[in-house]
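Colleague: Taken in order, these protein sequences are the chains called A and B.
Using my numbering, read the first sequence as starting at 1 and increasing by one per residue.
Using my numbering, read the second sequence as starting at 1 and increasing by one per residue.
No wet-lab data here; the hints were simulated from the structure.
Possibly wrong hints are sitting among the right ones.
[What the hints assert, rightly or not] Simulated crosslink set (SDA-like; lysine to any residue; CA at most 25 Å straight-line):
no., chain 1, residue 1, chain 2, residue 2
1, B, LYS5, B, MET78
2, B, LYS106, B, GLN37
3, B, LYS106, A, GLN17
4, B, LYS42, A, SER65
5, B, LYS58, B, LEU47
6, B, LYS5, A, SER65
7, B, LYS42, A, SER94
[To be verified] If you anchor each label on the Cβ, the simulated ranges turn out as follows:
no., chain 1, residue 1, chain 2, residue 2, range
8, A, LEU82, B, GLN113, 23 to 31 Å
9, B, ILE20, A, ASP62, 14 to 22 Å
10, A, ILE12, B, PRO52, 25 to 33 Å
11, B, GLU59, A, THR111, 32 to 40 Å
12, B, PRO114, A, ALA80, 42 to 50 Å
13, A, GLY84, B, PRO8, 44 to 52 Å
14, B, PRO114, A, PRO70, 46 to 54 Å
15, A, THR111, B, GLN72, 31 to 39 Å
16, A, LYS30, B, PRO40, 37 to 45 Å
17, B, SER55, A, ARG95, 22 to 30 Å
18, A, THR111, B, GLY83, 25 to 33 Å
19, A, ALA80, B, PRO8, 13 to 21 Å
[Stated by the list, open to error] Computed footprint of chain A on chain B, listed as stretches where at least three residues anywhere in the stretch have a Cβ under 8 Å from a Cβ of chain A:
no., segment
20, 43-54
21, 105-113
Remember, predicted model here, so these are calculated numbers, not experimental data.
Glycine included, every Cβ here is placed at the ideal spot set by N, Cα and C.
What follows is each chain in one-letter form.
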Amino acid sequence: DAGVTQSPTHLIKTRGQHVTLRCSPISGHKSVSWYQQVLGQGPQFIFQYYEKEERGRGNFPDRFSARQFPNYSSELNVNALLLGDSALYLCASSRRTSYNEQFFGPGTRLTVL
Amino acid sequence: QQQVKQSPQSLIVQKGGISIINCAYENTAFDYFPWYQQFPGKGPALLIAIRPDVSEKKEGRFTISFNKSAKQFSLHIMDSQPGDSATYFCAASDSGGGADGLTFGKGTHLIIQP
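Okay, chain B solo, but in the shape it has when bound:
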C-alpha cells in the first residue's frame, strides 16, 4: 500500500498560535486528501478535505494547502485553542475507480498549551 508520510510526530503550540502539520504522498493517482481529528477513545472525525484541482481550502480556523507538483499537503490551524489538542491524521485515496480505502499517515499528537 502506498505511503503517506506525516510530520511532525508531536507538536506543542501556545494558545492563539498557528499549528502546522505536513504530509507527503507518493502515489500520483491519489486525488482526495482529507484530514481527521481523533480524541482518545473516539473514532476519527473528518475535519476538512481537498481535491487536487485547488491549491487551498479554508473552513473556519482550518486551512489545507496543497502542492501537487511537490506531492505535499498541509493542515494549518489558526488561533489554536486547548480544545484542539488531539491527534491529527492526514489521509489520501484514489477515487478513480479503485477501492483501496483511505491511506493514513501515522498521526500528529497536538498539544495546545493555555
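Excised from the complex, chain A in its bound form:
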C-alpha cells in the first residue's frame, strides 16, 4: 500500500503570496493532520481533520486554513506568507482522531523569500 503522499515536494514563494499544499492519506485512513517543522525543531501541530470536519487546531494564526475532501485528501492553505513560514510542512494520516498511530508523509519544503 502507498504511504502518505504530499505535493509539491518543494516550493519557493515570496512574502505576501498565498500557497496551497496537498496531502493524500493512506488508503482507509479518514483523519489527516498538518504539522509545521522548522529546521532543527520538532513538528508543531496545525490542524486535524476527520470525516471532512475540523477536529483540532493548534496555535497558528488565521492565515492558516485547511480542508478535507470527500476522498479524505486534504489541502493546507497559507495566506499572506511571512519569512517565518519557511518550514517543512508535514501531513499525517490515521484511521481516526483518537488512540491511533499517525503516519507522516515526506513533507513539502516551503521557502519564503
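Given chain A, put chain B in place with the hints provided.
Modeller: Positioned in the frame of chain A, the structure of chain B alone reads:
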C-alpha cells in the same frame, strides 16, 4: 500547548552500544507516547509507541520505558548500528476526546560511530 522536554539534544554512541534518549511531560492527560525517527529530507517515521497502562514495550532492538509517577519515558536502542544515525523525536497526545495532535520534543540527533 503543553511541553514535552527531550534530552540530550545530541548523542554519540559507538557501534554495538546502547543509545538512551529521555523525555519528560507535564500534561497528566497525555495517554499516548510515540517515538519517531527522522532522516534528513524525510518525514518522521513511527518507531514504537506506548500507553500508560504498561511500563515497558519492546520491539526488536527498540524499547520504551515508561514511568507514570515521574511523568517520564525513554527510548533505548540496543546494539546501535550506523544505520540508526538519525534524529529521534518523542511525542505525546491526549486521546481522550481532545484533538490537539501530537506534542513533540525538540529532537535528539543521534550519531552511531562505526
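Colleague: Does each hint fit the structure? Answer for all of them.
Modeller: Results for each hint:
1. LYS5(B) with MET78(B): Answer holds: LYS5(B) to MET78(B) is near 22 Å, not above 25 Å.
2. LYS106(B) with GLN37(B): holds, 12 Å
3. LYS106(B) with GLN17(A): Violated: LYS106(B) and GLN17(A) sit about 29 Å apart, past 25 Å.
4. LYS42(B) with SER65(A): holds, 24 Å
5. LYS58(B) with LEU47(B): holds, 11 Å
6. LYS5(B) with SER65(A): Not OK: LYS5(B) and SER65(A) at ~28 Å, beyond 25 Å, violated.
7. LYS42(B) with SER94(A): holds, 18 Å
8. LEU82(A) with GLN113(B): 23 to 31 Å: The hinted range 23 to 31 Å is violated for LEU82(A) and GLN113(B), with Cβ atoms some 40 Å apart.
9. ILE20(B) with ASP62(A): 14 to 22 Å: At roughly 42 Å between Cβ atoms, ASP62(A) and ILE20(B) fall outside 14 to 22 Å, so the hint is violated.
10. ILE12(A) with PRO52(B): 25 to 33 Å: Once the Cβ atoms are compared, 44 Å apart, the range 25 to 33 Å for PRO52(B) and ILE12(A) is violated.
11. GLU59(B) with THR111(A): 32 to 40 Å: This hint holds: roughly 37 Å between Cβ atoms.
12. PRO114(B) with ALA80(A): 42 to 50 Å: With Cβ atoms ~48 Å apart, the hint holds.
13. GLY84(A) with PRO8(B): 44 to 52 Å: Given a distance of about 27 Å, which is not inside 44 to 52 Å, the answer is violated.
14. PRO114(B) with PRO70(A): 46 to 54 Å: holds, 50 Å
15. THR111(A) with GLN72(B): 31 to 39 Å: Holds, since THR111(A) and GLN72(B) (Cβ atoms, about 37 Å apart) stay within the stated range.
16. LYS30(A) with PRO40(B): 37 to 45 Å: violated, 31 Å
17. SER55(B) with ARG95(A): 22 to 30 Å: holds, 26 Å
18. THR111(A) with GLY83(B): 25 to 33 Å: For GLY83(B) against THR111(A), whose Cβ atoms are near 30 Å apart, the range 25 to 33 Å holds.
19. ALA80(A) with PRO8(B): 13 to 21 Å: Distance hint for ALA80(A), PRO8(B) is violated at roughly 38 Å.
20. 43-54: holds (count 5)
21. 105-113: holds (count 3)
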